[in-house]
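Sequences are here, hints too, so could you generate the full structure?
So the sequence lines, in the order shown, correspond to chains A and B. Under my numbering, the first residue of the first sequence carries the number 1, and numbering increases by one thereafter. Under my numbering, the first residue of the second sequence carries the number 1, and numbering increases by one thereafter.
Derived by calculation from the structure, the hints in this document are not laboratory data. If you're wondering where the values come from, they're calculated on a predicted model, not measured in any experiment. Among the clues, some could well be false.
Note that identical chains are pooled: a pair holds if it fits in a single copy or bridges any two copies.
[What the hints assert, rightly or not] Cut-off 20 Å, straight-line C-alpha distance, at most; resulting in silico cross-link-like pairs (SDA-like, lysine to any residue):
{"#": "1", "residue 1": "340", "residue 2": "170"}
{"#": "2", "residue 1": "303", "residue 2": "313"}
{"#": "3", "residue 1": "343", "residue 2": "168"}
{"#": "4", "residue 1": "65", "residue 2": "26"}
{"#": "5", "residue 1": "340", "residue 2": "167"}
{"#": "6", "residue 1": "340", "residue 2": "168"}
{"#": "7", "residue 1": "308", "residue 2": "167"}
{"#": "8", "residue 1": "308", "residue 2": "353"}
{"#": "9", "residue 1": "303", "residue 2": "89"}
{"#": "10", "residue 1": "340", "residue 2": "169"}
{"#": "11", "residue 1": "260", "residue 2": "70"}
{"#": "12", "residue 1": "343", "residue 2": "329"}
{"#": "13", "residue 1": "65", "residue 2": "333"}
{"#": "14", "residue 1": "303", "residue 2": "337"}
{"#": "15", "residue 1": "340", "residue 2": "298"}
{"#": "16", "residue 1": "65", "residue 2": "225"}
{"#": "17", "residue 1": "260", "residue 2": "378"}
{"#": "18", "residue 1": "303", "residue 2": "379"}
{"#": "19", "residue 1": "303", "residue 2": "116"}
{"#": "20", "residue 1": "308", "residue 2": "329"}
Below, each chain spelled out in residue letters.
There are 2 protein chains.
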Amino acid sequence: MSRGSVVVLGVDGYLGWATALHLSAHGHQVLGIDSLVRRRWDRECGTRSLIPIRSMPQRIKLWQKLTGRTIAWQRLDLCNAAAVTEMVRQVRPAALIHFAEQRSAPFSMIDRPHAVMTQVNNLVGTLNLLFALRDHAPNAHLIKLGTMGEYGTPNIDIEEGFLTISHNGRQDRLPFPMQPGSFYHLSKLHDSHNIQFAGRVWGLRATDLHQGVVYGSQTDEVAIHPGLATRFDYDAIWGTVLNRFCVQAALGLPLTVYGKGGQTRGFLDIRDTVACVRLALDNPPAQGEYRVFNQFTEQFSVKALAGKVREARAAHGLETEIVHLANPRVEREAHYYNAKHQKLLDLGLQPHLLGDTLIESVIELVQRYAGRVDPVELEQPNVDWRRGGTAGWTKPLPRPVVVMSGARRERRAAAAERLRAGIDQRR
Amino acid sequence: MSRGSVVVLGVDGYLGWATALHLSAHGHQVLGIDSLVRRRWDRECGTRSLIPIRSMPQRIKLWQKLTGRTIAWQRLDLCNAAAVTEMVRQVRPAALIHFAEQRSAPFSMIDRPHAVMTQVNNLVGTLNLLFALRDHAPNAHLIKLGTMGEYGTPNIDIEEGFLTISHNGRQDRLPFPMQPGSFYHLSKLHDSHNIQFAGRVWGLRATDLHQGVVYGSQTDEVAIHPGLATRFDYDAIWGTVLNRFCVQAALGLPLTVYGKGGQTRGFLDIRDTVACVRLALDNPPAQGEYRVFNQFTEQFSVKALAGKVREARAAHGLETEIVHLANPRVEREAHYYNAKHQKLLDLGLQPHLLGDTLIESVIELVQRYAGRVDPVELEQPNVDWRRGGTAGWTKPLPRPVVVMSGARRERRAAAAERLRAGIDQRR
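Right, dumping it as structure tokens:
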């Protein structure tokens, strides 16, 4: 079966890599693109994937060896307009899956340079892509990773992108009013508006996937071989909350809930992420259409999520403590939340709902790599929405998140000591 | 009376300069800031203000000589974060009026570099300012020039920034859904979201003035002396529509309406712009509050506006032709439009409504400078929303808006010839 080629932008990331494998496994001709900047940001933050990941050439070579399928690979920064234009002109892709953005809310809140970099990086990359599509692939389907965080937490039901509003006896279907909660989330909203506009004036077609918080790491394809692993982040900058809880549970540490924990969000299994992208790809919108899918399967409060992890552990006779930390974010900690997520179900999504089995399997995976856990990363969130980011929550510094230094190594050793002592006490 | 100092950002522009004079005349201690980039963009586009304007030092010196009042002046680019931070740290202003953005929709639609530059310039400048305020002047009142164009043309009444929405039996007051119509208008919307967020997390206070289309050039202060003139643009890139119609009428040329002319927008006299800014300044929002004022006094369709100019001329026995050009923009040409603009009236705004006298006075002003009119600029719009900008509406070029070249000078001479012939015929 010959299909047009699909470009996965941000292929070196947590979801980009898993998506590329999934689409390749389903017969799509995939070109993976990445600037590899995420690995540089790891070095800046002193963070790393819990699960070791191979280099792009190694991963692709292994995929080919194991499956006979080829994923093309090109190192390219979306902010390099000439290179983006040339890539689109040469490839003329049928579709592009766009993960290639700075995707951490805390990273964007560290300080001014990180906020500016996040918004400029994300907006310029997407604008470069939109112009390249206008000029060289106007029929291509742009599948853009947005976030449920664009909506914020309104006191009304959240619809999928648009809302029919009646006001003073008149009616219109309008973009859903948005209230994002970080400079990162704002960058995704800015993108959404730019993409919607490009659809209107240039007739481009796009699917904006407003994705919830992803957990897990094992898709069917990733699970084939350890060398195909995708990254797994658990630290306070890059980790998503359930993955962090699983790491804490695996080490017998308390689960750390920010504030009251009533913050409710949409969640989904990484296996559903890759399936959703494929469903969007296989069911493209009309030319000129801008559509939004809310991409998650269940909603939980953070507190309820911690409770689920505790229950899964209790089934094995293990006790798990839940502690509440001062909330580093500015957000409602108790609020109404009811977000629709029907469109992907209508296209055939079969959700993997969160159960004890998944939680256990993630915890087992973590235990396999427990020696790689950096205990400093589990102590406290290190970026505060009001004051910015410093390792110690003290006064703002020019470059608060620091590359591993001697001092940091000492703190790390001390934290490891405390961690071991804590684990001993709990056992 | 001692008041805290007020920083006018973008003081070299059409409205920035008039506002600085107005606030200075009303006893405010004003610091004017500008990068002077607008004068560079004029050189790039081959455009210029119809009314000659003096350099910043000359204008300020003249203002002091005529009134005894001092306006401080500093050349500074808002995209220079260190300089912005240092300025805010040293001045600790009571308020800042932020005009310092790329403010032309056609300029932003020329090509990718102009779109990217517009969004990056506007967002980064505003982000730099927000962080500087957080760190060094958290009580300052930020008065930001936004645009009515953020709303687009919804089929419901436009409220001032927020809308109470009932949906599935629940209710919330949410940001009004926005549908901007150019990369420039989008940049203003992105700013609005960033500023609103900064209010929520850092407790900053801001007034977002969603301004309509401004016309006229003579405020009480500008009118004191020709050397105090503010710029007056009539070309297709920088000119606002009524000012352009007045130039066309003054030269006996047809008024050029884009498309059907049913496009309806809010309009206001430049004297009301400066009054609105002063009213916002004198009535600051609470700490942490983000508020929106719709800043215009009347709404007209472009067609109706052309009709008003024609009527004003007819009163003097002069005939004015109205021609419809293919619309270079992508916008609804017949639509519902009813935008609220009550809040500034409630604060005491006394509107200068559009009458024949104003139109006549603008036309008289234009006639004084008729020799400076560049006829090429009145021929055709030179930026198309679908294809981007070229002088000749042909295929996209790398740098479509060109600095005056030999070829352009020849075209200009030929156009001047046609113009003279046309004027002769009409007289």
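Hint check:
1. 340 <-> 170: Close across copies (15 Å), not inside one copy (24 Å); limit 20 Å.
2. 303 <-> 313: within (16 Å within a copy, 71 Å between copies)
3. 343 <-> 168: between (30 Å within a copy, 19 Å between copies)
4. 65 <-> 26: within (17 Å within a copy, 77 Å between copies)
5. 340 <-> 167: For residue 340 and residue 167, only the inter-copy Cα distance (13 Å) is at most 20 Å; the intra-copy one is 22 Å.
6. 340 <-> 168: Intra 26 Å, inter 12 Å, cutoff 20 Å: inter-copy only.
7. 308 <-> 167: The answer is neither: 42 Å in one copy and 32 Å across copies each exceed 20 Å.
8. 308 <-> 353: within (12 Å within a copy, 64 Å between copies)
9. 303 <-> 89: neither (48 Å within a copy, 42 Å between copies)
10. 340 <-> 169: The answer is between: 15 Å across copies meets 20 Å, while 26 Å in one copy does not.
11. 260 <-> 70: neither (48 Å within a copy, 54 Å between copies)
12. 343 <-> 329: For residue 343 and residue 329, the Cα distance exceeds 20 Å both inside one copy (31 Å) and across copies (33 Å).
13. 65 <-> 333: neither (49 Å within a copy, 58 Å between copies)
14. 303 <-> 337: within (14 Å within a copy, 46 Å between copies)
15. 340 <-> 298: Only inside one copy: residue 340 and residue 298 sit 10 Å apart there, 40 Å across copies, limit 20 Å.
16. 65 <-> 225: within (11 Å within a copy, 80 Å between copies)
17. 260 <-> 378: For residue 260 and residue 378, the Cα distance is within 20 Å only inside one copy (19 Å; across copies 62 Å).
18. 303 <-> 379: within (18 Å within a copy, 65 Å between copies)
19. 303 <-> 116: neither (32 Å within a copy, 42 Å between copies)
20. 308 <-> 329: neither (23 Å within a copy, 54 Å between copies)
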